[in-house]
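Can you build the whole structure from these sequences, using the hints too?
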Amino acid sequence: MKIVIDQDRCIASGQCVSAVGEVFDQRDEDGVVVLLDPTPPADLAVAVRQAAAVCPARAIHVEE
Amino acid sequence: MTETVNPAEVPQFPGARAARCPFDPPPALHALQEQGPLAKVKVWDGSTPWLVTRYEEQRALLADPRVSADVTRPGYPRSAPVVSRNGSAISFILMDDPEHARLRRMVQAPFTVRRIETLRPAVQKIVDGLIDDMLAGPSPVDLVEAFALPVPSLVICELLGVPYADHEFFQDNSKILIRRAADPEERAAAFARLVGYLDDLVGQKLDHPGEDLLSRLAERIRTGELTRPEAARMGVLLLVAGHETTANMIALGTLALLEHPDQLDLLRRTDDPKLIAGAVEELLRYLNITHSGRRRVALEDIEIGGQVIRAGDGLILANDIANRDPAAFPDPDRLDLRRDARRHVAFGFGVHQCLGQPLARMELQVAYGTLYRRVPTLRLATELERIPFKHDGQVYGVYELPVAW
Ligand code: HEM
Ligand code: SF4
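Sequence lines, in order, name chains A and B. Counting in our numbering, the first sequence runs from 1 upward without gaps. Counting in our numbering, the second sequence runs from 65 upward without gaps.
These are calculated hints, taken from the structure and not from any lab test. Treat the hints with care, as some may be off.
[Unchecked claim] Under the rule of at most 25 Å between Cα atoms (straight-line distance), these lysine to any residue pairs were calculated in the SDA-like manner: (1) A:K2 with B:A127; (2) B:K338 with B:D192; (3) B:K338 with A:V20; (4) A:K2 with B:D192; (5) B:K338 with A:D6; (6) B:K338 with A:G21; (7) B:K338 with A:L36; (8) B:K338 with A:L35; (9) B:K338 with A:D37; (10) B:K338 with A:Q7; (11) B:K338 with A:V46; (12) B:K338 with A:P41; (13) B:K338 with A:A52.
These figures come from a predicted structure and were not determined experimentally.
Written out as structure tokens, the structure is:
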């Protein structure tokens, strides 16, 4: 699994960080998403897909 | 494919809730959702915007850049009459990008999940202190005044740098601002008082900056990134959105739980953060207090759900009924704290999705996670039929909630 984020679209909802804090974080200065781990281990796959699905700005893309 | 609508045949929106089901959306909404993803409805001024009732179509439209939240555009379906078109544009919640993003980004930093998490101990202390006071005082008590309203008000005051001593002033004016039934002049006056108040505060922060959010906005005025009226209006938005919503969730959530004792029991017996966090999501979904719907206007023709929305058509995205869409949530009318409800649209969807959601979640987790555990005998001190519900509010809830223990 490979994750791509689009920081320009992100609206700092924090949904991805609530879903998988191991993979996503937010920048201190403006809350925009930061990718901690672009190729997370398989046991996080379900949570990552959930994060992409709830992202209100459609800023998270998951490639299998 | 031109749509001709005979206004006489179009259902009125909003309809009334069923008398015995104060937690469920109006039955008419269920019926409309069954018929299709969107339908024309008639609103207070006689206009006939689209009402979007199904979950999928609602998320698609809320995330669609061809859909505008700009309240000054012709066709925007207002929820109540206003004195002047531009009179009460309450900051970026009613603007489109790039202006919306420019302003929103200035206030995103204090609301990140991790920053909000650092406030949890302080919120726990506030919640415990209010429960101590409640238990030391007379029973019954109005839970709204004693608990539901002070928790988020104290927190948002601290975050913004607004003196809590002024809470009666801003709570009273917020109430008028978000009452659909309020007289337009009265609502405009309440808004003007709040803007004036925040403008004074921003002025004080310009002279004596602190660590709070209003001081950060004052700093942006100094650097020329923000005007003072913009800062004051943003302050009003954050202050009003920051306490009214969470307060209604705490009180209405408590009532819903008291009416579902098996579910309340789950919370009473647990300190498992996962279960509590899941319960908060389910209560957000089930109660969906922002029951006036998200309001938008189409910028271009949009084909969706077998219909064509024309450029200039108004849209009401009824998130309460979308959260009861059986295609998204099996057995949607059941309150089930153990279900995975995180996909709900109680905070909206798209670029306007709630800025304060990490804060609201944390406050609700602490409030629901503490109150019933510390007051296990909490009960309603009147009959359900006597509870005054906010049928006329932009935000649903209860005006008061007498409880005993
Ligand atoms: C349980 C409590 C809350 C609920 C149910 C709620 C609900 C919502 C909803 C549905 C929207 C979307 C509006 C739209 O799309 O038209 C929204 C936006 C917003 N909320 Fe909340 N909210 C809550 C708590 C808070 C808190 C605590 C704050 C703190 C400041 C806040 C600040 C905002 C702001 C600033 C916006 C505008 C965002 C934008 O336009 O980009 N909300 N909220
Ligand atoms: S869920 Fe989407 S919008 Fe929210 S912080 Fe993550 S990337 Fe940004």
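Now for the hints, and whether the structure bears them out:
no.: 1; hint: A:K2 with B:A127; in the structure: holds, 24 Å
no.: 2; hint: B:K338 with B:D192; in the structure: holds, 21 Å
no.: 3; hint: B:K338 with A:V20; in the structure: holds, 13 Å
no.: 4; hint: A:K2 with B:D192; in the structure: violated, 44 Å
no.: 5; hint: B:K338 with A:D6; in the structure: violated, 29 Å
no.: 6; hint: B:K338 with A:G21; in the structure: holds, 14 Å
no.: 7; hint: B:K338 with A:L36; in the structure: holds, 23 Å
no.: 8; hint: B:K338 with A:L35; in the structure: holds, 24 Å
no.: 9; hint: B:K338 with A:D37; in the structure: holds, 23 Å
no.: 10; hint: B:K338 with A:Q7; in the structure: violated, 29 Å
no.: 11; hint: B:K338 with A:V46; in the structure: holds, 17 Å
no.: 12; hint: B:K338 with A:P41; in the structure: holds, 22 Å
no.: 13; hint: B:K338 with A:A52; in the structure: holds, 20 Å
When held up to the earlier numbered hints, the structure conflicts with 4, 5 and 10 and fits the remainder.
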